Structure formats: C-alpha cells, structure tokens
Amino acid sequence: MAALTDEQARLLLEPNFATVGTLNPDGSPQLTIVWIDWDGEHVLFNTAAGRAKPRNLERDPRVSVLVLDSEDGYRWVAVRGTAELTTEGADEHIDKLARKYTGEGWQPKPGERRLVVRVRPEHVSAYGL
Amino acid sequence: MPQLTAKQRAFIAENPFVGAVTTLRPDGSPHSTIVWVDAENGVVTFNTAVGRAKERYLRQDPRAAIMVVHPENAYQWVSVSGPAELTTEGADAQIDHLAKKYLGQDEYPWRNPEEQRITVKIRPEKVDSAGFDE
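For the protein sequence lines, the chains are H and A, in the order given.
Just so it is clear: in the first sequence, position 28 is 28 by my numbering, and no numbers are missing.
Just so it is clear: in the second sequence, position 85 is 1085 by my numbering, and no numbers are missing.
It should be emphasised that the hints constitute simulated quantities derived from the structure, not laboratory data.
Predicted model, so just to flag it, every value in this text is computed and none were measured.
A few of these clues could be false.
As the list claims (entries may be wrong) - With beta-carbon atoms standing in for the labels, derived distance ranges:
| # | chain 1 | residue 1 | chain 2 | residue 2 | range |
| --- | --- | --- | --- | --- | --- |
| 1 | A | Glu-1107 | H | Tyr-74 | 13 to 21 angstroms |
| 2 | A | Met-1001 | H | Lys-100 | 21 to 29 angstroms |
| 3 | H | Ala-3 | A | Glu-1107 | 21 to 29 angstroms |
| 4 | A | Gly-1090 | H | Arg-113 | 43 to 51 angstroms |
| 5 | A | Pro-1026 | H | Gly-89 | 32 to 40 angstroms |
| 6 | A | Gly-1131 | H | Glu-71 | 18 to 26 angstroms |
| 7 | H | Ala-2 | A | Pro-1026 | 34 to 42 angstroms |
| 8 | A | Pro-1109 | H | Pro-25 | 38 to 46 angstroms |
| 9 | A | Gly-1042 | H | Thr-102 | 34 to 42 angstroms |
| 10 | H | Gly-111 | A | Asp-1106 | 52 to 60 angstroms |
| 11 | A | Thr-1005 | H | Ala-48 | 21 to 29 angstroms |
| 12 | A | Glu-1072 | H | Ala-98 | 29 to 37 angstroms |
| 13 | A | Pro-1113 | H | Ala-48 | 29 to 37 angstroms |
| 14 | A | Pro-1109 | H | Thr-102 | 38 to 46 angstroms |
For each residue, glycine too, the CB sits at the ideal point set by N, CA and C.
Throw the hints in and build the complete structure from the sequences for me.
Set out below in structure tokens:
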C-alpha cells in the first residue's frame, strides 16, 4: 500500500478535478472527469448507478485516478488501486462534494442512485509535488 | 470513424492545455500520466521518449485514451480514445512545436542527446466532449 504526502493529499482536498481511468468490457481504457475527495486513507469520488464508469469498475475494479492542479498543469498526482463501490453514505458524500465544488448543496435527481467509489492507493506517482 | 469537430480540434491544438493519457500496463491495468498534446490531420498527438513506460505499454497494447480539460472551466473537455501509432519520424520537430505551444520557446529546452523522442498519434475511435454546445 502507498500513502499520499500531505502536499499530495491537499491537491485532492482542494477543488481540483480528476480524470479517472477504468477498463471497458474489451479491456480498452475509458477516461472521465470527476469531483475528487480524500479521507486520509482512500481517494474517493462519486458516481451514479448505471453509468459506464461504475459498470466498468464492478466488472474490473482496477482504476487510475489523476488529479491535476487547476492552477498549474505541472503539479499532479496519479494514484492507482482497486475500487470499492457502495451506496452507503453516497448521498451525503455527493452533497459534500457539491458544496466543495459549487458552493451549494446537491440537488438529487429523481430515480438516481448515487455510489461512492473508494480507492486505496497501491501506487502513487507525482509531478511537481 | 468519428472525427474531431473543428472546435474540438482547435481546443486541443490552439491552447496550452495538458492532456491526461491512459495506457494499459502489461497486466491490463490502466496507467495515467500528463502530456503536452496537439491535434492535426484528424489525429490527437503527443510526444514521449523511447523506453518510457507509456511508450513501452503502447508497443505492447496500442489502445489509449486521452482527455484534455480546460484548466479554468473543467466543464469543457474533449476525450478521445483509439489505437496509438508510434513514429520517431518528425518527433524532434514535434517536441519543438510543443515547446512553442506550451512554453513559448522555439526549442524544447530539456533535450537529452541520450534520448530518442517519439510521436504518438491516437486515431479517434470514440470522441466525447462537454461544453461545446452553441
């Protein structure tokens, strides 16, 4: 297991965006952009049931998460690990993220089931940090 | 084959926005890193050096995905995936062009005579974007 330095963790706690790499059914890479969080042990992001990303992660949980400093493209941290998905606490978590990134609470969408994705870092690489 | 629209191409080619590129490790897991990126003649390109992880991974499995996000507005982005083609031809000129685009310098300042530059061209099989609605 790998850990983030305080400086790397700060990048995740500030409202920077992350690209998440997952694996499609044919093994090819898929990239999406997410709001990101760190709980001291795991990289966290939030998605909704039925989307490509959680379907990919349920089939193959191997994931890469790259967080880029929005003010300096030469500061970034890339984490790889294995994703765990849960609905538990996911509504509270998306509300927390919405406040972090938009300053306002999350407006739940009818019929949408939120999921928290937790990634324990297995390997960390960084640039400028 | 999907094509980049003129606006998607310009977004990548005409801004000093970095790209997040994902390749596949020998065990099939995703590997992500940041690159300088360009778009020309229908392909998305970046530059690396022979022997680096992503170059080795792409030789083994050419499937790649790349995403360019506007640093001041993360709700505008372009994501392209498809097979990568590698070529050393023109790679030195390309890294100089990228140095101009990203650093405003005529020559890539960190050239290492021990290192052979290589151009990676991703042919779009899938293009997604956000924030380009008129």
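To see whether the hints hold, each was checked on the structure:
1. Taking 13 to 21 angstroms as the suggested C-beta distance range, the pair Glu-1107(A) and Tyr-74(H) conforms, at roughly 19 angstroms.
2. Between Met-1001(A) and Lys-100(H) the CB atoms are about 39 angstroms apart, so this pair departs from the stated range of 21 to 29 angstroms.
3. Remark: the range hint 21 to 29 angstroms for Ala-3(H) to Glu-1107(A) is contradicted by a beta-carbon distance near 39 angstroms.
4. Distance hint check: the CB atoms of Gly-1090(A) and Arg-113(H) are about 49 angstroms apart, consistent with the given range 43 to 51 angstroms.
5. Pro-1026(A) and Gly-89(H) have their C-beta atoms about 36 angstroms apart, which keeps the hinted 32 to 40 angstroms range intact.
6. Gly-1131(A) and Glu-71(H) have their C-beta atoms about 19 angstroms apart, which keeps the hinted 18 to 26 angstroms range intact.
7. In this structure the supplied range 34 to 42 angstroms is violated for Ala-2(H) paired with Pro-1026(A), their Cβ-Cβ distance being about 20 angstroms.
8. Separated by about 43 angstroms at the C-beta atoms, Pro-1109(A) and Pro-25(H) satisfy the suggested range of 38 to 46 angstroms.
9. Range check, Gly-1042(A) to Thr-102(H): about 36 angstroms between beta-carbon atoms, so the 34 to 42 angstroms window is met.
10. For Gly-111(H) paired with Asp-1106(A), a C-beta distance near 56 angstroms keeps the hint of 52 to 60 angstroms intact.
11. Checking the proposed 21 to 29 angstroms range against Thr-1005(A) and Ala-48(H) shows it holds: the Cβ atoms sit about 27 angstroms from each other.
12. Remark: the range hint 29 to 37 angstroms for Glu-1072(A) to Ala-98(H) is contradicted by a beta-carbon distance near 20 angstroms.
13. For the hinted restraint 29 to 37 angstroms between Pro-1113(A) and Ala-48(H), the CB-CB distance of approximately 51 angstroms leaves it violated.
14. The supplied range of 38 to 46 angstroms is met by Pro-1109(A) and Thr-102(H), whose beta-carbon atoms lie about 39 angstroms from each other.
Against the hints set out earlier in the document, violations occur for numbers 2, 3, 7, 12, 13.
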